[in-house]
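Q: Numbering (the UniProt record's numbering), first residue to last: 1 to 363.
In short, the hints are calculated from the structure, not lab data.
Zero decoy hints are in this set.
Pair by pair, the computed Cβ-Cβ distance ranges are: (1) Tyr-162 <-> Thr-40: 16 to 22 angstroms; (2) Asn-177 <-> Lys-107: 44 to 50 angstroms; (3) Ser-168 <-> Asn-301: 54 to 60 angstroms.
Here are the simulated PhoX-like pairs of lysine-lysine, each with C-alpha atoms no more than 20 angstroms apart in a straight line: (4) Lys-134 <-> Lys-98; (5) Lys-161 <-> Lys-53; (6) Lys-79 <-> Lys-107; (7) Lys-263 <-> Lys-311.
Every residue, glycine too, gets a C-beta built ideally from N, C-alpha and C.
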Amino acid sequence: MKQLVPGQEIEAEVIAVTDDCIFIDLNAKSEGIVDKADFTDENGTCSVTVGQKIKVFFVGDKKGEMTFTAKISGEDANKDMLEQAWQQGIPVEGHVEKEIKGGFEVKVGTARAFCPYSQMGFRQKEAPAFYVGKNLTFRIQEYKEDGKNILLSNRVIEEEKYQEHLSSIKDILAVGNTVTGTVESLQSYGAFVNVAGFRALLPISEISRGRVEDIASVLSPGQEITAQVISADWQRERVSLSLKNLTADPWDSVQEKYPVDSKHTGTISRVADFGLFVTLEPGIDGLVHISALENENRNTNLRVKYKTGTKMDVTVISLDPKQRRLGLCPTSSTEQDTSARIYLDNQDDSDTYNPFAALLKKK
1 MKQLVPGQEI
11 EAEVIAVTDD
21 CIFIDLNAKS
31 EGIVDKADFT
41 DENGTCSVTV
51 GQKIKVFFVG
61 DKKGEMTFTA
71 KISGEDANKD
81 MLEQAWQQGI
91 PVEGHVEKEI
101 KGGFEVKVGT
111 ARAFCPYSQM
121 GFRQKEAPAF
131 YVGKNLTFRI
141 QEYKEDGKNI
151 LLSNRVIEEE
161 KYQEHLSSIK
171 DILAVGNTVT
181 GTVESLQSYG
191 AFVNVAGFRA
201 LLPISEISRG
211 RVEDIASVLS
221 PGQEITAQVI
231 SADWQRERVS
241 LSLKNLTADP
251 WDSVQEKYPV
261 DSKHTGTISR
271 VADFGLFVTL
281 EPGIDGLVHI
291 SALENENRNT
301 NLRVKYKTGT
311 KMDVTVISLD
321 PKQRRLGLCP
331 TSSTEQDTSA
341 RIYLDNQDDS
351 DTYNPFAALL
361 KKK
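When you get a sec, could you build the whole thing from the sequences and use the hints?
A: Written as structure tokens, this is what we have:
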């Protein structure tokens with residue numbers, strides 16, 4: 001390996017993780033040392049494991065040990081290292097001391113720096129008091145007057161983390177994949193679902209094969225669901241999911257279950273000017289055209305006479321599975337047909353003539 005200069009970024013493989021340090025392979029029969037705290041979150045969990053490759057910055061040779069950092073902080077944050085951090089784009093850790101005019105005063109090592117409001121946080125902005133007292137990571141945007149004037153940005157760090165996160169989940173959220181997520185919130189047009197830290201949309205039309213009127217009746221915040229990715233637009237950061245794609249399509253068996261001339265009992269699901277939509281099962285709706293309704297015409301207000309949720313007996317008069325169209329007409333119920341058949345079967349030709357029975361027999 002060529003001789004390193006302070007501030008130089010390298011990528012190296014982790015060969016050991018101890019209580020305090022992370023050792024990396026320098027490919028020169030030597031090892032580098034990184035403070036474990038650089039990769040440990042606020043809960044004490046270390047994010048790296050042996051065999052993983054990490055990007056770090058060379059700090060220097062300390063007592064014969066090649067030391068590296070993911071960000072400059074503490075005793076490393078001296079004047080020379082801060083200038084190197086500015087020139088090389090090395091992240092620095094700073095303590096947000098207080099809110100001042102236009103932003104925040106941040107202490108980085110022994111130096112004091114300034115972070116404008118616009119450069120603190122990313123996307124979801126918090127009240128200024130939220131940041132005061134916290135240790136955050138920044139990138140030096142300006143380094144002037146020999147370190148007396150330092151301008152910081154936390155926003156660029158958060159943006160980089162977000163883009164890295166997006167890159168890591170694109171394979172997970174590829175179109176066609178089945179994913180598990182948690183419902184975050186409900187809207188009239190669908191539900192927002194957290195999948196691997198990304199907010200995806202489950203449109204209301206993709207929840208069920210049947211028509212969903214009230215999304216809150218089938219989903220609730222905090223609920224875990226399994227869905228299929230049906231679209232991904234990474235330029236606009238939009239991903240759409242579907243629950244119904246993971247269920248059988250009832251139209252695949254519609255010819256066997258609802259052949260022409262078969263009778264069924266359905267439910268009026270929607271009333272239109274031109275007719276009634278009748279649901280035979282979730283995902284299978286047929287149309288009773290106004291011309292098939294007795295004593296009705298185009299001037300009739302169907303919404304006054306027919307109400308959604310009402311049961312209706314219908315006969316299938318046309319079927320087009322490819323276009324997903326089912327034509328229906330009102331009919332006598334199967335119960336009425338059965339009763340009439342039993343009545344006819346019990347009639348004796350020697351009985352007194354019954355005009356009603358004779359009429360049924362003609363049918």
